[in-house]
Every structure is written in structure tokens, then in C-alpha cells.
Amino acid sequence: MRTGSRLLGVAVSIGVACGLLAAGAAQADESMDVLYAKAKSEGKAVMYTSVPTFILDEWRSLFEAEYPGVKLEYFRSGTGKVLARINAEKTAGQLHGDIVWVADATAYPDFAKQGLLASYKTPEWEHIPFGKDPGGHYVTGRILAGVIFANTKETQDFPASWADLADAKYKGKVAMASAIVSGSTTVMVSGLVHDAGLGWPYFQKLKDNGVLILQDVPDVARSVASGERPLGITLTLYKYQAEYKDSPIKMVFPKEGPILMASPMGLFAKAEHPNAGRLLYRFLLSQKAQEVLSKHGIYPARDDVAAPSGLPPLAEVKKNAIIPDSDWMVANWNDVKSQWRAMFGH
Amino acid sequence: MMQAILPEPRPAAVLSAFRRQGTFGLVALVGGGAFLLLSFYPYAQLLIASLRRDGRFTLAHSAGVLSHDYLLRTPLLHSLEVSVASAALATALGTVLAWLAVRSDLLGRRAIAAFVAIPHIVPSFQLASSWIVLFGDAGIVQATTGLQPFAAYGVAPLVAVQTIHLTVLAFLNVAGALGSLDPSLEEAARACGLRRRQVLRRVTLPLMLPSILSGLLLTFAYSMAEFGAPILLAAPAGFGTLTTQIYELSTAPPLQFGEAAVLSLLLGAIALATMLVNLRLLARGSYVTLTGKSSSGEPARLGMLRGPLSLLAWGWLAATAIVPLAALVLISLLESWGRGFGPGNLTLAHYATMLASHTLTHALWNSVVLALGAAALATVIGFVAAYGAVRLGTRWGALLDRMSFINFATPSLVIGIAFLLAFSGPPVNLFGTYWILLFAYFVRYAGLCVRGIGANLRQLSAEMEEAGAACGLRPSRVLAQITLPLLRHSLAAGFLLVFVNAIREISATSLLASQGTETLAFEAFLRYADGDYTVGSAYSVLMVAIALTGSAMIARRSRLAGAGFQSGRSHSRPCPRTTLRLPRSAGSTSSSATGSCSR
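For the record, the sequence lines run as chains R and G. Start counting the first sequence at 0; every next residue gets the next number (numbering that gives the first Met the number 0). Start counting the second sequence at 0; every next residue gets the next number (numbering that gives the first Met the number 0).
Hints listed in this document are in silico derivations from the structure and should not be mistaken for laboratory results. Predicted, not measured: the structure shown is a model, and the values here were computed from it. Glycine is no exception: its CB is placed at the ideal position from the N, C-alpha and C atoms. Keep in mind that the hints are not guaranteed to be accurate.
[Claimed, not checked] Every beta carbon over 10 Å from chain G, so not counted as near; a handful from chain R, in silico:
1. Met31
2. Trp58
3. Arg84
4. Pro247
5. Lys317
[Claimed, not checked] Taking lysine to any residue pairs in the SDA-like style, the calculated list, with each CA pair at most 20 Å apart, reads:
6. R:Lys89 with G:Leu254
7. R:Lys112 with G:Asp53
8. R:Lys336 with G:His67
[Unchecked claim] Restraint-style ranges between C-beta atoms, simulated for each label pair:
9. R:Ala36 with G:Ala479: 18 to 26 Å
10. R:Asp207 with G:His357: 43 to 51 Å
11. G:Ala375 with R:Glu63: 35 to 43 Å
12. G:Trp364 with R:Gln286: 31 to 39 Å
13. R:Pro133 with G:His357: 22 to 30 Å
14. R:Asp166 with G:Leu208: 55 to 63 Å
15. G:Gly32 with R:Gly198: 57 to 65 Å
16. G:Ala348 with R:Ala36: 23 to 31 Å
17. R:Pro133 with G:Gly32: 51 to 59 Å
Could you build all of it, start to finish, from the sequences and the hints given here?
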């Protein structure tokens, strides 16, 4: 058994080394035509992602129209389940995806350390102003913005700041998602605790005021829209969804600004379809693909694609925003979760 | 339906016992072997995962679980608390309803079985979200009446929803047993001058006790493995259970997969313990008469209470069967959240979206074929295990029976993770294929068939088969011409139960499905994960409609619903006897009880 696993270890290291070499070679600015020709023989590119299905489906139409003969397939689930699947497949010895794109930015340094990601700096990187791994293993593909949703039918008294939300006058009126289950909420909690300097007493106050802890950020949007709780901490993108059309939702930007979260993507070092994977990777960072994000209320990573309609441009928002420090998050991830668990139980 | 079949450990050598059975032996060995392999191998991978870190052996995961209250003590106590409460309520309710359906002159008693089954066909997470939409703040009830009679989140709503979801399991258990209870005992007691209530207390209830307790253990085991309702209803109140804890450990980064594996194995151990208690209970002896006498005599007259009781029972049945479904349909029609539930805010657009989806036909087809396939495999294994354990008394059959129960009491999510570990890489890579889903459904739900068929077999006297053999029929002919036709009701019922459970399975599917192998449940799950609740509900409506139609079709074929309680039985019992048998070992109860599955 032990010999077996050591052999496996050696095999994996060799595989990773080969992957790195291959990736290194690919960093050269190869033309899309060459890449497409190679990708065609592989037939498809597979993405493991937490990006919503309606965006993935639009990307698929665009991608398959532009590169006939190469299919875009995806495994879409919550960030956690995507990671669970990667973990299980890694244990079983074979990853079946080419690209990973989840909301939890802290997963990527760990992936890179494990040798799971290829280094792949493409010409598109020039248009991405921040959130780029110096080693080339991952790059920001979209920026999620956390704000306060308010139900205008239930209340006209909106909190002026994040700190305000924990005020006694909003007792029993606030909903948010679980920092254990929802990756973006963990990031938002880190931002509020550390970067906004509100600390854990802030969440203790929210708790004392009976904050409702739902599973995930879309649940919060639903809760606010339906009036279950008049206020909630969630992401801008839900406001743009069809089923909230004409819902009494107002996006409130607190005075400390929204919480901006870079959501990176990476290419697997041992991708099953390395060339198709690269082709898709570059496509996802293209203007065309990034515009789809903007349409659905998500800030694109590229500086040459407009912000979602109704939201201020990213450059402006960035001046006054909570941008969670990713080094701090990586170092304190477990602590944030156990503090949270001690406070809310789930 | 789920009591374990009793081991009648006759030390028969597996091979020779099966060899004598010809074709059956071959199917039993190959099919049973495949089933065991598909069960054991993923569990073994899970066990390895619980004992490894970075490729080395470690007890750190177990130690971690043991040393943190939030990992072990708290969720374990919560799970036990909720499961004991739901099991007790579901069993009490199921018993009363079963008595009313089988033994009373309640109005419309024959339709009770169908109505009591509906909340089980609806997935539990769907029941839970209906609860929230109905009773939550600004929910339908509050919006229309201004009242909020129940809490939206917490332990009480969870127990309520689980009780509604599980009542049918206890109901089937008790109804099956009541149906085969020899009425002459009760008649004798009446003749001796006991009043009706005394008969109920001194004769009927004691006779039914083993199957009632058996139903209790079954609902308990099912409840321990429940995930959808706890995560939606209890977690927001800070009340985590073992299953929600496993979910968080295995899907929330940083993944603590080893710890999740330890907790999963703990749940498996609890399932095993439950089953052993069940066996012990049944072995203590049962006094149920299993004579095959078909009619259960004159139904008890409810007299003056008939009207009020009918109203009460049907009020409950209608509320639990129809209201959650109606809420689900309403969500699927909602145009936009926060604009009330009036006709101005209703639309068919989400159904149009669903119909326009390029994956719909594919998902529909996948769902039906996979559920039918899993049901077929499960029925074969159910028969093999039950026949092996009950008729042939082999350890092989008993082993299959035990394994199937443990699988059944393991949360789907755990099966999903174990399957990913086992079958997504060398030596066996089933990833991205239909097989991984098919086998997962098969392994998870085969227990539903094993129990039902086993119980039915126990009810059947072996005389018919012996007569067939005496007339010179080969064993395989006896099976084909006598045994299988006699068992057709429980075979069909087992098939149906597996079909319904497989078609609405989400937890394992959400990990194992990929593009091309997506199912309706998976499509619904994706929509919910996107926050697209209305379109997700449209998928759920379609899924539940298929499950209900399938159930109705199979139920009609095999007279499972309502009227089947008495009439079905008489056909399967060609030579009714009225002797009172006091079986040495438990068999009889389990059989009667499990008539459940067959009814």
C-alpha cells in the first residue's frame, strides 16, 4: 500500500512537472487559430464552476458559434460542491475538468501550491487591472459586489452604513447567508470583520438582533424581495434576475461602499483537454464573454468592458469600497469559520 | 416496509444452496455479488478517507471529531432528538390512519393510502420550502389572513415536515399487518364479552405492537438520513444535525473530508444498530396470525364519531397532501417576488423557459430511464436477497439484506461522495456516464425492495412451492410459475418505491451528474442554486407529476392503493387456513408488517 502510494506520488509529480512544462510552452503568445485547430481534435472543453447557469448557457452559445466543433461543457454547482468534486477526483487520480472558476478566491493559492493549476498568462491579462497571480496560475474573471438589499414596500428607512445594519432599530429585520456554506459570504464577513474594522462584536450585535441566517446569497435575495426580512446582505447580480423584475428591491450602497470580491479562474495542469481548455480560458477573458457578465449584474474583470447598467463604473466604486485582503483571508479562513460557527451554529 | 428480514441462519453452504437453484443461483451469485461490490467498495474508500491525511494513515480525523462538540455531540443529539420525535409522531399518526383505513367504516377509507403517500412522493426539501412560503414572514398565510400560526424555522417545523413526509412508511407497515391479522381472534374476544374498546386495547394493539415498533425504527432510520428539510428549516435557527454537518464539512471550504467520512461512518453504525434492534424485536416473537385469510371481518363501526372523525382525518390528509403541492405550483407560477400571490402576479413564463431549455427532453428521458433502470435492478436484487434469506435461509441472502438496509439509512450525499471517490478514476472510471448514477440509485434504494419482498415471502406458506416441486417441477420452474406470480404485488410495490425515490434524488445526483447525464432533479437543483426558484419549481412540478403518474399507474396495476388492502391479498393466498400459528421466531410479523411495501 505504502509503496503503491509512493509510486503514485512519483507519478503525480512527474505528471505535474510535464503539465508545467507543457503550460510553460503554452505561455508563448500562440495564435487563436492554432489553438482552435488543436482544440478541435479534442472536441470539448469542460468547466467546473459556480457561475450561474444562465450565464454559462449564453457563453456556450457564443463559444460554440465562434469555434464550431469545440463544445463547451460545464459542471455547475455551489463553490463548495465544486471543490468537493475536485477533491474527490484528485483523490481518485483523475480530474475531468479543464477550467475551474469558483467564488472562493482563497481556494486558488492552495490549488497552485498543490500543483493543480497550470501557469498560463495570456495576452488578455493586459486588460485585467488586478487580481492576477504573479506565478500565472490564476486570474480574476469577474468581480462580485456585496451590497444591502432593501424591500421598499416594507421599509423606507435604509441603513446608512454597514455598521448601521446592526443597530437595534433593525431588530428582526435583517437576513444574510451562512459563512460556512456560502463562499461569497465568508469573504464578505472577512471584509466586514477585518477590512472594515467592525470586528466580531458587529456580528454578535446582528445575532442579538435576531439576524436570519439562510443558506446562500440567492436565498437572501428571495427573502428580501418577498418581504420575509426587509433587509439583507447579498450580491448585486440577483437584482438583475428575471424573477426579481419589478420586485420592490432597492440596492443600498452603504457609506463604506460595497464589498468587492475578485473571483478568479484557473486552468488545470492536468487538463483532459489542454488545448480546448486554453481556448476556452482565453474566450472567457475576451470582451464578448465579459459583456455577458455585465448584462447580468456582475462587474467584468476587464477594464474595457462597461459596468452593469445601474451600477457605477468599477474604477469609481473601487475608490470607496471594502476590498477584502486576500492574504489575511487565506491566513484566517479557518478562524473566521470557527468564530462564525461558534456564534451561529451553521 | 423496511424491517430487516430475519436471518434464519441455517449453515448452508452458499454455493451448494444456490447451485440447487439453477438459474436463480446464478442470478443470486452474480447480481448479489455486484450489489455487494457496488456497496462495499465505495464504503471502503470512505473508510480509507477517514483514516488518511496526505497519503498517510492517521487517526486525526476521528480524534478531531471526538474532541469537538460542534462536530459530534451537538449534531448527534439534535439528529436523535428530531428523529425520535418525528418517528414517534409519524408512527402514531400512521397507526391511527392505518386502523381507520383497514378496520373502520370511515368515509372514503380506501383512498387514504393514496393520500398518505403523496407527501412522501414530494421531495422533503420541497415540503420544507412550501412550509416557508406558507408560514414564513410575509408568507401566503400571513399575506392573506394576517395571521402567522406556526414558526417558519426551527425544530418544531422540522419535526412537523418530517412527520408528514414519513407517515406513509409507518402507515404501510401497520396497514399491511392489520390486513393480514386474523379477525377470528378479535371475534372470539368479542364473543367472550369484551367491549370493542377492550378488544382494541387487549387484543388488536398487542398483536400489532411488533409492526408498530418496526415502523417506528424504520421512520427513525429514514429520518436520521434526511437532509433537505433540516438544512432549510432547522439550520437557519442554528440547529445543525449530523447530515447538515456532513454536508458542511464535505462541501464548505476548507474541506474537512476526513471528518465528514468519520461522521458518515457513524451514521452507518447507527443504521446498523437500528437494524439489529429491529431484528431483536422481531425475534422476540410475534403473535400475529398469518393465515392468509383474506377478509378482515366486519369493519368497526365508528357510530356517532363517524362524521367528525371522517372530517378530521380527511382534513388532515387533504392539508398534508394537497397544500404543499399547491404551494409548489404557486411558486412555479409566480412572475416576480414581492408582488403578492394574486392573479396579477402569475405567469406561465417559467414553464415556457423550461420547455425552451435545450436540455429538457434529455433530462426528462434520463430521469425516467435511470429511475426505471434502478428500480428494475433493485427489484431483482430485492427478490434475490429476500428469497435467499427467507426461503433458502442462506447467509448470502442475509448479508444482502443487511447491506441494503445500511445503504438505505445512509444519506444520499454520503453515497454520492463515496461513489465519486470509488468510481471517478482508475481502476474503475464511470465518471460522466449513466452507470455512476444508475448504480448510486440502485445501491441507495435497493433496501426498499428487499424488505417488502422479504415480508411478503414470509407471509406465503411454502406449501405451494413444495407442491410444485413434488409434482416434479424443476426449481427454476417453481420460481417462475409459482413464487414470482405470488409475489407480484410486493415486486411491483418495491419497483414503485425505488422508482419514486430515484426520480427525485438530488443530493447524490448533484455530485455525480455531468453534462449529458443531467436529470430533472439535477436541473431543478441547478435552478435553485442560481436563485432561480420559480423555474426550479417548474422542474419540480414536472418531476413530481411524473412520480405521481408513475405511482398511480403501477398502483392501479397491482392494486397497491386503497382498495388493495384486502382484495389483493385473497388472490395471493390460494388455500386460506384459519389456524392460529405461534411462530417460534419472528418471521410472521415482519411479513405482515411489510405487506406494507406490497400494498
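Evaluation of the provided hints:
1. Met31: Non-interface label stands for R:Met31: nearest chain G Cβ at 24 Å, farther than 10 Å.
2. Trp58: 13 Å, holds
3. Arg84: 6 Å, violated
4. Pro247: 5 Å, violated
5. Lys317: 26 Å, holds
6. R:Lys89 with G:Leu254: OK: R:Lys89 and G:Leu254 at ~13 Å, within 20 Å.
7. R:Lys112 with G:Asp53: Distance of about 14 Å is within 20 Å: holds.
8. R:Lys336 with G:His67: Holds, at roughly 14 Å.
9. R:Ala36 with G:Ala479: 18 to 26 Å: 60 Å, violated
10. R:Asp207 with G:His357: 43 to 51 Å: Holds: the Cβ-Cβ distance is about 49 Å, inside 43 to 51 Å.
11. G:Ala375 with R:Glu63: 35 to 43 Å: 36 Å Cβ-Cβ, so the 35 to 43 Å window holds.
12. G:Trp364 with R:Gln286: 31 to 39 Å: 38 Å, holds
13. R:Pro133 with G:His357: 22 to 30 Å: 41 Å, violated
14. R:Asp166 with G:Leu208: 55 to 63 Å: Roughly 58 Å apart at Cβ, these two residues keep to the hinted range, so it holds.
15. G:Gly32 with R:Gly198: 57 to 65 Å: 59 Å, holds
16. G:Ala348 with R:Ala36: 23 to 31 Å: 42 Å, violated
17. R:Pro133 with G:Gly32: 51 to 59 Å: 54 Å, holds
Going down the numbered hints, you'll see the structure goes against 3, 4, 9, 13, 16, while the others check out.
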